[in-house]
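Novice: Each chain, written out:
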Amino acid sequence: MDKYLVSPNPHIHAAVSTQSLMRDVIIALLPAVLVSILFYGWSEILVLAVSVASCVLLEYAITRWMLKTPSTIGDLSAVVTGLLLAMNLPSTTPWWVVLVGAIVAIGVAKMTFGGIGQNVFNPAITARVFLLISFPTYMTDWTIPQGFIHANDAVSGATLLGMVSEGGLGSIADVSYLRTLFLNIGGSAGEISAIALLIGFAYLVIRRVIKPWITLSIFATVIVISGIFCLADPSQFTDPVFNLLTGGIILGACFMATDYVTSPMSDLGGVIYGIGIGVIVMMIRYFGSYPEGMSFAILLMNMTVPLLNNWFHSKKFGRA
Amino acid sequence: MTTTIIWTIGILAGLGLLLSLVLFFVAKKFKVEEDPRIDEVEKVMPGANCGGCGFAGCRAFADAAVKAPNLDGNFCPVGGNDVMKKVAAILGYEIKEKAPMVAVVRCNGTCENRPRTNVWDGVQSCRVKASLYSGDTGCSFGCLGCGDCVAACQFGAITMNPETGLPEVDESKCSACGACAKACPKGVIELRNKGPRGMRVYVSCINKDKGAVARKACKAACIGCGKCAKVCTHEAITVENNVAYIDFTKCKLCKKCVLECPTGAIHAVNFPAPKPKTETVSPAPAPKPAPAAAPAPAAQAAPAPETKKEA
Amino acid sequence: MSNSKVTFRIGGVHPNDSKLARNCAIEVLPLPQTVYISMAQHLGAPAKPVVAVGDQVKVGQVIAEPGGFISAFVHSSVSGTVKSIAPRKDIAGNMVPHIEIAVEGDEWAEGIDLSDTLVTAIPSDRAAVLEKIKACGVVGLGGATFPTHVKLNPAPGSKAECLILNGAECEPYLTSDFRILLERTKEIVVGAAIMQMVLGGCRCVIGIEEIKPEAIEAMTAAVAELGYKDIEVLSLKKRYPQGGEKQLIDAVMRRQVKSGGLPISVGAVVQNVATSLAVYEAVQKNKPLITNTMTITGDCLPVERQHNYLFRIGMPLSYIAEYAGGIPEAAAKLISGGPMMGRAIANLDATTVKGSSSILYLSEAATKRKPESACIRCGRCADACPMGLEPFLLNRLYKAGDIEGLEAGSAQDCIACGCCLYSCPANIPLLDNVNQAKGQVMGVIRARAAAAKAAAEAAKAAENK
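Protein chains in written order, with the working numbering: chain A, 1 to 320; chain B, 321 to 631; chain C, 632 to 1096.
Quick caveat, the hints were computed from the structure, so don't treat them as lab data. Heads up, a few of these hints could be off.
What follows is a set of in silico ranges between Cβ atoms, one per label pair, in the way DEER data are often shown [claimed, not checked]:
hint, chain 1, residue 1, chain 2, residue 2, range
1, C, Asn-1058, B, Met-480, 18 to 26 Å
2, C, Pro-844, A, Ile-195, 38 to 46 Å
3, C, Glu-738, B, Glu-483, 50 to 58 Å
4, A, Pro-212, C, Pro-844, 28 to 36 Å
So, partial list: chain B residues that the calculated Cβ filter (under 10 Å) puts toward chain A [said to hold, decoys possible]:
hint, residue
5, Glu-432
6, Thr-437
7, Asn-438
8, Val-439
9, Trp-440
10, Gly-442
11, Val-443
12, Val-448
13, Lys-449
14, Ser-451
15, Leu-452
16, Tyr-453
17, Asp-456
18, Lys-572
Residues from chain B that keep clear of chain C, each with C-beta distances beyond 10 Å, as calculated [what the hints assert, rightly or not]:
hint, residue
19, Ile-329
20, Leu-341
21, Glu-360
22, Asn-369
23, Cys-370
24, Gly-393
25, Ile-415
26, Glu-417
27, Asp-441
28, Arg-447
29, Ser-460
30, Val-470
31, Ser-492
32, Ala-532
33, Lys-539
34, Asn-590
Glycine residues also receive a C-beta, built at the ideal position from the N, C-alpha and C atoms.
Could you put the whole structure together from the sequences, leaning on the hints where they help?
Specialist: Shown next, in the form of structure tokens:
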């Protein structure tokens, strides 16, 4: 080589890319994906396959044929969106509803804003909320399909939070928390095992893909608020542990609220964002008409991110 | 039920009326008095807001033009004489006509003429490149080829030619606003008189290195030999710091220098193709520029453009 | 030695240290036939030549004098005849005046002590020592090449509390400081004691990264043996940019220099270990700064071809590369300095200067930039920035041309360490742009200061009337 490269410093780069970060998120989701496949069987595999494939193909189609730009599917972010969307749907969702969800996630929530890095709202959550409002029957049909492992003692018909919403606290009196922690049959596919999600979260934190502050502040807020209400009137309000383990709080806090693009950049901003999500989700649960509320809470707080980024900056050197 | 509707309509209508009154009085109270001529002048401006006049935009120019005692210091290069005549008519000022200008890229450093010695791997920005090092070639004066001028042009008049690696100016689109000249960190681009029917002669090189060094870096560099200056009968050519410069206010477009230049650094553009060999070389171009010289005095009368001497 | 490892408090990255040449003892480079000595080897005004073409010069003879207050003497690094004084291209290809000297023999100027004897007695005449440091052309060898006599002579009213000797060498690959810490240990300690005296008897901390235990051990032993007062060796955590001036002060003293401030404002003076060696040689041996140590290294250079050389200023880099066995086939980029902050070499015919520290050969895999993709707002650049800035934001403001926003975002505080671009998963050329932004903001700040000064002077003049 007789012509040498010239560029400003630095001349080396860390072994990190958008693709490697997204790959880590996919790896972190694997435990929960595996557990959901084991217990929900073929119908969950179908949902996952349709969701991931349509997200990736849609992004490819939009970038190549509509925007005429280089395809961005190589960064794997469409795969992450597809996985998260599938994890946010009941395993019984018909394939065409999943497809509509993918169109909303990639086509509306992501690409109309300019693709990765530009979207205001988390694509998977946007799609879930869209489907929840448009197809409420499919989205709240919690019939339990036959999985590869058959769970006999499953609560069927409605999620635990749904049961509380319908029949009051008495209806869940015989549910054990230990079971909710390991295996929570019913509800969205991703909610099936809190432990599997937490393993994935720990992996992301240890690999320094995400920082734990947003997630922890959501947990803390949920615990504090439900703690106060539960102490005030245990006959009417559910307790902190129950709230933490149900209704997608863990899935949302670990994987959806921590999405780089739609969460604040600074640590302090992240904590406030997390507290906001925690407050909104508890208000919806206790006083709103939807039993779960995590998706709405995240979407609402997504809107505050530009403001939080504007208000909170990192601590500068020598400018106390 | 009906009373509710009536009440709702009533309250909303009342509120609307009240607020419109408030708005009316506030608008009255805080009205800014402005010379109406500013609006008129702005209307005749090209509206590109390019800043080529030295003001923040067309409105700022209009504001300045109205407040100034005459039009001497203010000129819209984009609109040119036509627009300035309209402005003058509105304001009742005299104008001095300026010869139309065009941006000229003064670099011959094509990939072929000027072999690359390095490969740039940083951000595509001439400004960044210039602050770091002298360029990808042996020439430390010429075009860096990252296209800051292309990005600066609001009229889409400059494009990079991928074959030569140099920017090219589309004369029909160039409005001589000077944004490209400002954006070029090497000062390669100069605003020059467009010339009669676009005909003009210029030295397409600004390399100040000594002849041998310049020649080694680029086959078509100006080596500062001074042959052009000797052959010029109009004293339009000066050689300073090993590089020749043609003063376009003095040049009579005789093209003698073009023929004399040993490296081909002097370019003559838009001249009609030489007729088949019916005439000898030297008298041929001479009669042509003679009628063309008519607009030249106008050019001479114009104040010297800013980029006359960059050394 | 203190056992607690210290580090700076904001940002930083952990590049692989790649100290491939750490076991290569320093070798002396033979003289080339011709040297070209640059007149701009230091921060500040270029030096003015004081020799003429045809003059005979000896090693260590002054050939150029300072061109301003912040400037330095330049000495001939060889003996021979001055052939020309003309502009020549530096490593960036820019023309800089050079003095060309044809080498004839190796005859040193009188009064220079070439023996190996260690002189441990510290002179007590502060002014004379400063004068000697100035006369010997000593400049900071940590990268900025700021004239040392200016730095060791803080403005009246400011008092140095701590002299920090920078032996961090946090840049990957570079080993020249490490080698002199091992091979010239005692001289460095004496140099530190001299600077301590000049600064009025402050304490001195020698900071060395934990990954160089041999150097820490040797230094601790030498400090104990020589027995000067108030000198200690401190182990620093491995983290880049540990050797950045502001970061090192933060690590050692837990004080942060204010934006735009000098280290002395928090009572600190930072000098590189190589500068300390140069001070020793200047004051105790009367030897001007004409030599320094450089590393020949790189990921595509076989281990047996890695070297640490004692070079003289003015040697063409091409000559050194040739002597060291040529440029490796796989090299895609040549760098003078470390891979994080060094400068790409655009012209290998350029010559060594006082502050040269390496020729680094990096392969295409290690150095070629990957295509830029969209910002995913992960905030890694902000987490990595040791100045606590938000490069993603500054990049955006720069592109929008928002100079006020850039100033509010403290673009002027950027130290160009490269952590932002190093850690960006989208390969956005953050530093390229932030560096430009810094220049623009500095321009605005300087213009404002000049205007304020002019206004104050005008007011004063009006008052006097």
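Novice: Could you work out which earlier hints the structure fails to respect and list their numbers in ascending sequence?
Specialist: 5, 18, 27, 28, 29
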